[in-house]
Amino acid sequence: MRIVIAGGHGQIALRLERLLSARGEEVAGIIRTAEQADDLREAGAEPVVLDLESASVEQVAAVLRGADAAVFAAGAGPGSGVARKETVDKGAAVLFADAAVLAGVRRFVVVSSMGADAAHQGDEVFDVYLRAKGEADAYVQNLDALDWTILRPGALTDDAGTGLVRLEAHTGRGSVPRDDVAAVLAELVDTPATTGLVLELVRGSTPVTVAVKSVAGN
42 MRIVIAGGHG QIALRLERLL SARGEEVAGI IRTAEQADDL REAGAEPVVL
92 DLESASVEQV AAVLRGADAA VFAAGAGPGS GVARKETVDK GAAVLFADAA
142 VLAGVRRFVV VSSMGADAAH QGDEVFDVYL RAKGEADAYV QNLDALDWTI
192 LRPGALTDDA GTGLVRLEAH TGRGSVPRDD VAAVLAELVD TPATTGLVLE
242 LVRGSTPVTV AVKSVAGN
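Residue numbers (the numbering used here): 42 to 259.
Heads up, none of these hints are tricks.
Using C-beta positions, here's what the derived DEER-type ranges look like:
#	residue 1	residue 2	range
1	G213	M42	32 to 38 Å
2	A257	R43	17 to 23 Å
3	P248	R214	21 to 27 Å
4	E83	D200	18 to 24 Å
5	A196	V123	19 to 25 Å
To be clear, the hints were calculated from the coordinates, so they are not data collected in a lab.
Ideal Cβ placement from N, Cα and C applies to all residues, glycine included.
Build the full structure now, drawing on both the sequences and the hints.
Okay, structure coming up:
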């Protein structure tokens with residue numbers, strides 16, 4: 042399987058790249074600068090330098106062509122302002138989805154956020170972030186050419202992963218280690234039966250593989 046990850050140098054993406062490459066998948070990560078490339082190689086991924094804030098849909102499609110799955114894990118980051126919530130958290134997500142359609146890549150997994158809502162009100166940075174994420178999610182959901190799954194983790198932590206989660210349509214608020222988010226993503230990429238699902242993720246008591254199989258069977 043060839044998997045292309047947008048936001049390849051992100052904290053979740055690097056973890057995901059390690060997991061996927063360790064199980065023998067061919068992984069490519071899209072990054073903004075060449076300085077980030079060595080970190081991806083160390084994680085077992087092929088670095089692809091391309092700025093999703095300025096790239097064309099054709100340029101992104103060229104990277105995606107031939108892939109079996111695409112994962113959108115890019116984000117403007119907590120220190121960014123309102124403008125980049127629009128250009129990255131929304132704009133880059135829409136671009137990546139359109140490029141996947143153009144490249145003929147059906148399997149499409151999105152790392153969103155708990156509370157993402159296109160109708161979210163407010164003008165603070167986090168309000169804009171949740172609205173941008175919600176608008177991006179809604180855009181992906183309307184693309185019939187994609188077999189999409191949207192994952193909405195709770196508050197992210199750097200605690201060591203436990204491999205135990207709660208993965209449901211609605212979990213309620215909670216936190217989750219980035220390790221466990223990456224583990225769930227690795228399973229979702231390979232579980233097309235989760236197509237069409239929007240899933241929330243927090244710490245829990247169910248092993249990751251069991252949790253994913255459970256939602257896939259509903």
